[in-house]
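Asks: Given only the sequences and the hints, what does the whole structure look like? Please build it.
Listed below are the residues making up each chain.
There are 2 protein chains.
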Amino acid sequence: LGQDKNRVTVNIYGEQYTIVADERTSHVNTVASIVDDKMREIKASNPSLDTKKLAVLTAVNIVSDYLKVQEQLDHLQQKQAREEDEK
Amino acid sequence: LGQDKNRVTVNIYGEQYTIVADERTSHVNTVASIVDDKMREIKASNPSLDTKKLAVLTAVNIVSDYLKVQEQLDHLQQKQAREEDEK
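The listed protein sequences derive, respectively, from chains B and X. Using our numbering, the letters of the first sequence correspond one by one to residues 2 to 88. Using our numbering, the letters of the second sequence correspond one by one to residues 2 to 88.
Zero decoy hints are in this set.
Which copy is meant is left open, because identical chains are indistinguishable; a pair holds if it fits in one copy or across any two.
Calculated cross-link-like contacts (lysine-lysine; reagent style DSS-like; alpha-carbon spacing at most 25 Å): (1) K54 x K6; (2) K54 x K44; (3) K80 x K69; (4) K6 x K69; (5) K44 x K6.
Keep in mind the hints are simulated off the structure, nothing from the lab.
Replies: The following block contains the structure:
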């Protein structure tokens, strides 16, 4: 544990973060740029938000999307399991 | 647009947020409690983080998970499309 961890420095919404991850640098960079984009998008429609609230609402947004994708995945996996049973 | 929007007040990491969403109240409450849990989990392993950085890192964490689930879903959808073709 920790031996093949990757340290990646990214810039999100004007601040530097050092992310310690199991994933590749390219994955971490993609993730950081999605968070940065999302924060700017939410700020554009709610200009009065401070950065802390903005970041929390960004997390809320992403969890909401995550749950929907997870649900789609669950349905598809159940469908495949049923099809396997029918063979 | 906006007519069937739902206003839900949630508490995340000690602060109140009013979320305007198309989704049901139960979905918004689940999302808020996932964000709250994740923030507390990340704070526990990084006690020196201020709330803004904590929220940004929480978003980073969730996007990372999101991309993985999205990838699984893509693979499964491709697999199903191939199986349909073989029929």
